[in-house]
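Protein chains: 2
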Amino acid sequence: MSIFILLSTEEMSKKPLILVTNDDGLFAPGLKALVQIAEDLGEVVVVAPGSPQSGKGHAITINEPLRINRVDAFGKIEAYECSGTPVDCVKLAKIILLKNKTIDLCVSGINHGSNASINIIYSGTLSAAMEASLEGVQSIGFSLLDYSFNANFEICKPFVKKICEYVLQNNLHKTKLLNVNIPVGHIQGVRICRQANARWVEEFQEGTDPKGEKYYWLTGRFENLDNGSDSDIQALNNGYISVVPSQHDLTQYDAIQPLMRLQETI
Amino acid sequence: MSIFILLSTEEMSKKPLILVTNDDGLFAPGLKALVQIAEDLGEVVVVAPGSPQSGKGHAITINEPLRINRVDAFGKIEAYECSGTPVDCVKLAKIILLKNKTIDLCVSGINHGSNASINIIYSGTLSAAMEASLEGVQSIGFSLLDYSFNANFEICKPFVKKICEYVLQNNLHKTKLLNVNIPVGHIQGVRICRQANARWVEEFQEGTDPKGEKYYWLTGRFENLDNGSDSDIQALNNGYISVVPSQHDLTQYDAIQPLMRLQETI
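Chains as they are written, first to last, in the working numbering: chain A, 1 to 266; chain B, 1 to 266.
Note that these hints are calculated values from the structure, not bench results. Each hint can be trusted.
Below, a list of computed lysine-lysine pairs in the DSSO-like style, where the Cα atoms sit at most 30 Å apart:
{"hint": "1", "chain 1": "A", "residue 1": "Lys32", "chain 2": "A", "residue 2": "Lys14"}
{"hint": "2", "chain 1": "B", "residue 1": "Lys214", "chain 2": "A", "residue 2": "Lys76"}
{"hint": "3", "chain 1": "B", "residue 1": "Lys101", "chain 2": "A", "residue 2": "Lys214"}
{"hint": "4", "chain 1": "B", "residue 1": "Lys161", "chain 2": "B", "residue 2": "Lys15"}
{"hint": "5", "chain 1": "B", "residue 1": "Lys101", "chain 2": "B", "residue 2": "Lys32"}
{"hint": "6", "chain 1": "A", "residue 1": "Lys174", "chain 2": "B", "residue 2": "Lys174"}
{"hint": "7", "chain 1": "A", "residue 1": "Lys32", "chain 2": "B", "residue 2": "Lys214"}
{"hint": "8", "chain 1": "B", "residue 1": "Lys32", "chain 2": "A", "residue 2": "Lys214"}
{"hint": "9", "chain 1": "B", "residue 1": "Lys174", "chain 2": "B", "residue 2": "Lys162"}
{"hint": "10", "chain 1": "A", "residue 1": "Lys211", "chain 2": "B", "residue 2": "Lys99"}
{"hint": "11", "chain 1": "B", "residue 1": "Lys99", "chain 2": "A", "residue 2": "Lys214"}
{"hint": "12", "chain 1": "A", "residue 1": "Lys101", "chain 2": "A", "residue 2": "Lys157"}
{"hint": "13", "chain 1": "B", "residue 1": "Lys14", "chain 2": "B", "residue 2": "Lys157"}
{"hint": "14", "chain 1": "A", "residue 1": "Lys76", "chain 2": "A", "residue 2": "Lys101"}
{"hint": "15", "chain 1": "B", "residue 1": "Lys76", "chain 2": "A", "residue 2": "Lys214"}
{"hint": "16", "chain 1": "B", "residue 1": "Lys214", "chain 2": "A", "residue 2": "Lys99"}
{"hint": "17", "chain 1": "A", "residue 1": "Lys99", "chain 2": "B", "residue 2": "Lys211"}
{"hint": "18", "chain 1": "A", "residue 1": "Lys101", "chain 2": "B", "residue 2": "Lys214"}
{"hint": "19", "chain 1": "B", "residue 1": "Lys76", "chain 2": "B", "residue 2": "Lys162"}
{"hint": "20", "chain 1": "B", "residue 1": "Lys101", "chain 2": "B", "residue 2": "Lys14"}
{"hint": "21", "chain 1": "A", "residue 1": "Lys14", "chain 2": "A", "residue 2": "Lys174"}
Label pairs and their computed distance ranges (CB to CB):
{"hint": "22", "chain 1": "A", "residue 1": "Gly189", "chain 2": "B", "residue 2": "Asn69", "range": "44 to 54 Å"}
{"hint": "23", "chain 1": "B", "residue 1": "Val201", "chain 2": "A", "residue 2": "Asn171", "range": "18 to 28 Å"}
{"hint": "24", "chain 1": "A", "residue 1": "Phe222", "chain 2": "B", "residue 2": "Glu202", "range": "30 to 40 Å"}
{"hint": "25", "chain 1": "B", "residue 1": "Lys15", "chain 2": "A", "residue 2": "Glu213", "range": "25 to 35 Å"}
{"hint": "26", "chain 1": "A", "residue 1": "Ala73", "chain 2": "B", "residue 2": "Gly136", "range": "38 to 48 Å"}
{"hint": "27", "chain 1": "B", "residue 1": "Ser148", "chain 2": "A", "residue 2": "Gly185", "range": "50 to 60 Å"}
{"hint": "28", "chain 1": "A", "residue 1": "Thr208", "chain 2": "B", "residue 2": "Glu213", "range": "33 to 43 Å"}
{"hint": "29", "chain 1": "B", "residue 1": "Ser51", "chain 2": "A", "residue 2": "Thr208", "range": "17 to 27 Å"}
{"hint": "30", "chain 1": "B", "residue 1": "Asn171", "chain 2": "A", "residue 2": "Asn63", "range": "32 to 42 Å"}
{"hint": "31", "chain 1": "A", "residue 1": "His186", "chain 2": "B", "residue 2": "Thr265", "range": "15 to 25 Å"}
{"hint": "32", "chain 1": "B", "residue 1": "Tyr147", "chain 2": "A", "residue 2": "Gly239", "range": "43 to 53 Å"}
{"hint": "33", "chain 1": "A", "residue 1": "Glu213", "chain 2": "B", "residue 2": "Phe149", "range": "26 to 36 Å"}
{"hint": "34", "chain 1": "A", "residue 1": "Asp230", "chain 2": "B", "residue 2": "Thr265", "range": "17 to 27 Å"}
{"hint": "35", "chain 1": "B", "residue 1": "Gln188", "chain 2": "A", "residue 2": "Gly185", "range": "55 to 65 Å"}
Note that beta-carbon positions come from the ideal geometry of N, C-alpha and C, so glycine has one too.
Please model the entire structure based on the sequences and the hints provided.
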């Protein structure tokens, strides 16, 4: 009996620690799908925002305090609701809840809607994953190209699981962040890609509120400017899951030399 | 007389259009300093957040409407207060206030505090400039390494002006975004740099609010992990203004080939 207990404890301690988060909030079906996948792969802790945080980018809360509450959202799995942004969730999880214990994988999503191409800049989902990656944690942001609350996550679940398993089993070395986007419907496979050159063509819907004050509400359409066959948008258009290895060094290296004239001018 | 008017109009239309914004809000002394510099160089429009927006990163407001109000903050200069984030300010300025007119330069700041190295990810100042750069506008984020409200911007003003003039007079081609950080005190000159590898070592100050509820308040210290002589932190430590040409493609290109095994696995 004592041997059995020893083995069992040892086995448990080998389970990878997986942090699950998102930007759509604790009750988004995409988060539930990701938690279901993660619990097959390791010990899971969920920390998600209390309210939808789409478009929050890499925002952090510095001028006010944050709150966290344990919630019974996923049965036996430890789950917390956080008052802040997706990046706040990751910081609180790492420092307060996990007391700087080593996190083996951070998965964020599955987002309801695309985070391909330039969307990575605006995305709370990807910013949460990036925040974990800044701490050296292998991190993946998952997004399904369906914005609806009732999006069907079943088709993509086996693929999401395989990608998580690959990252858990293989050291990706310098690569700490994958931006994974998933097309709707039948999936042809996976493509390793670069971020497409694309933009949002935006407008503001103008209106007048009940008090007679004018308001502006952001709206827009996505425009792909990239004809390359190796971009994430191209992969998605062909029915493939796009995987973009991503990083946080924004330096435009090939511009350093041409700019030396500015250095000499001043 | 009519000839005089014609010439005068023509001359006016030649003045570059400069959009000035920040993340510290409309009444920050750093914004005033930047407006004073910009008005010597062109036609200026100021659009700044109504409240401090430090750490807002590339957040945008999509779930609620935005407001803009004309304010008399800088005498004759057109100035507006916006209810949203720094990125919202730039979108509203471009689409609503300037009706998609060509902006020749967008300057953001001068921020009260450093945006060197990894701070670019969290910074509202730099995200505002990046948003303009996504629209093809040559953009500069300026930050002084002094967090105090009463920071002295006088020493750096001639340098800020020269950098703006250089960008207005020289086509930087593909380069659309400069992250400029300014040391405190005597300035040795300007250095074109890459983003240093650095991180925030963070903690949460724990407390209890008047209602007896626990809260967590983010605090931290910056840690430079980079010994390279060509980084922005190194330039700043040596008394130079750091200029990092920056961009929004987060693809980690050298990771694409090693990841092909993942593509083949699935």
